[in-house]
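**Q** Turn these sequences into a full structure, and let the hints guide you.
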Amino acid sequence: MSRTDQPATTESTPESDLPSPPINAERLLQLITDEYESLPRQLKRIASYMSQQSDRIMVDRISDIARECEVHPSAIVRFSQRFGFSGFSEMQALFREAYTHKTTPVQNYQQRIRSMIANKSQKASGGDLARECINATLSGIERLGLELDDAAFDKAVDLVVNADNIYVVGVRRSFAVADYLVYNLQHTNKRIHLVSGLGGSYREQMRSVRANDLVIAISFTPYGKETQHCLRIAQHHQAKTLIITDSNLSPLAKRASTVLLVNEGSSFAFRSLSATLCLCQALFIAVAYRLELKVDEIHEQVGFDD
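Under full-length UniProt numbering, the residue at position 131 of the sequence shown is numbered 131, and the numbers go up by one with no gaps.
Quick caveat, the hints were computed from the structure, so don't treat them as lab data. Keep in mind that the hints are not guaranteed to be accurate.
What the hints assert, rightly or not - Straight line, CA to CA, 35 Å or less: simulated DSBU-like cross-link-like pairs of lysine-lysine:
no., residue 1, residue 2
1, Lys44, Lys190
2, Lys254, Lys190
3, Lys225, Lys44
4, Lys155, Lys254
5, Lys155, Lys225
6, Lys190, Lys155
To be verified - Derived CB-CB ranges, DEER-like:
no., residue 1, residue 2, range
7, Tyr36, Glu97, 20 to 28 Å
8, Asp34, Asp150, 19 to 27 Å
9, His237, Asp179, 20 to 28 Å
10, Lys254, Gln281, 20 to 28 Å
11, Arg67, Ala211, 43 to 51 Å
12, Ala211, Ser125, 41 to 49 Å
13, Leu293, Arg172, 29 to 37 Å
For every residue, glycine included, the Cβ atom is placed at its ideal position computed from N, Cα and C.
**A** Rendered as structure tokens:
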């Protein structure tokens, strides 16, 4: 992208007044996390996008980011200058340098979907749309494999293995993931509780949480208030917390004993759950291995049909 793609703004900072920019994308993302709370509301939206979609920045246009964050393009320039860059192009170059030599399925997918939407002369078939959904799902799973934090994952396994009771909470689209994780963990001898909030009873279902217990919370932007409420209860009772979310800037991450990050692929604004389900299945397999369960011998109860 050339600098002509950047909108003119009267709020630009003179280059002599800019702080020194970070030396790489990893350092920039860490600075964004460190300074998130001090950012104005609009810049917080951009920070969240940068954190969640770091592998897309190298191909995103400034107008794409502005639309996703619901801000004016000039806010992207102000954000760039906040972290020492003269403008968006200079910041974008940092991500291009970081991702040029990596496999970037999300970038390729975003370029295809952008072309499909822009091509008004050719109507997409049902099969075309189905394949784009499949490709979005694959891009999320491949990104999970590339970005999985081994240390955080091992700590998550430790938390599950050592917990007396395990409470799992997820609302709306995350509820299906919470229920699936509970189903898997019920194959262990752990006491597993699904916090469903049936009848609005989140507080009542969390009442028995204690210090040696683990609360697993699954939530993605815009982050369920019910899930945050359950985490405050867990924190009050000094229980351990494992958070599965999409950004270290998530309000849930602040209350976490450990965080597992997962960013799903999306097609036409609909986000998949496949990478999150895969992460939960991997967590269960790792826990089963640590507990020396014979996973290949786990069967359904005799006498019940699927």
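**Q** Hint by hint, say whether it matches the structure.
**A** Hints versus structure:
1. Restraint check for lysine 44 and lysine 190: not satisfied, since their Cα atoms lie roughly 39 Å apart, outside the 35 Å limit.
2. Only pairs whose Cα atoms come within 35 Å are accepted, and lysine 254 paired with lysine 190 is accepted, the gap being roughly 26 Å.
3. Of the supplied pair hints, the one linking lysine 225 and lysine 44 holds, its CA atoms being roughly 19 Å apart against a limit of 35 Å.
4. The hinted pair formed by lysine 155 and lysine 254 meets the criterion: a straight-line CA distance of about 16 Å does not exceed 35 Å.
5. Of the pairs offered as hints, the one joining lysine 155 and lysine 225 holds, with about 26 Å between alpha carbons and a cut-off of 35 Å not exceeded.
6. Between the alpha carbons of lysine 190 and lysine 155 the distance comes to roughly 18 Å, so the proposed pair stays at or under 35 Å and holds.
7. Distance hint check: the CB atoms of tyrosine 36 and glutamate 97 are about 23 Å apart, consistent with the given range 20 to 28 Å.
8. Between aspartate 34 and aspartate 150 the beta carbons are some 23 Å apart, a value that agrees with the proposed interval 19 to 27 Å.
9. Taken as a hint, the range 20 to 28 Å holds for the pair histidine 237 and aspartate 179, whose Cβ atoms sit roughly 23 Å apart.
10. Checked against the hint of 20 to 28 Å, the pair lysine 254 and glutamine 281 passes, with Cβ atoms roughly 27 Å apart.
11. At about 45 Å, the CB distance of arginine 67 to alanine 211 agrees with the hint of 43 to 51 Å.
12. Separation of alanine 211 from serine 125 is about 56 Å and departs from the stated range, judged on CB atoms against 41 to 49 Å.
13. Distance hint check for leucine 293 and arginine 172: the Cβ-Cβ separation is about 31 Å, which falls inside the suggested range of 29 to 37 Å.
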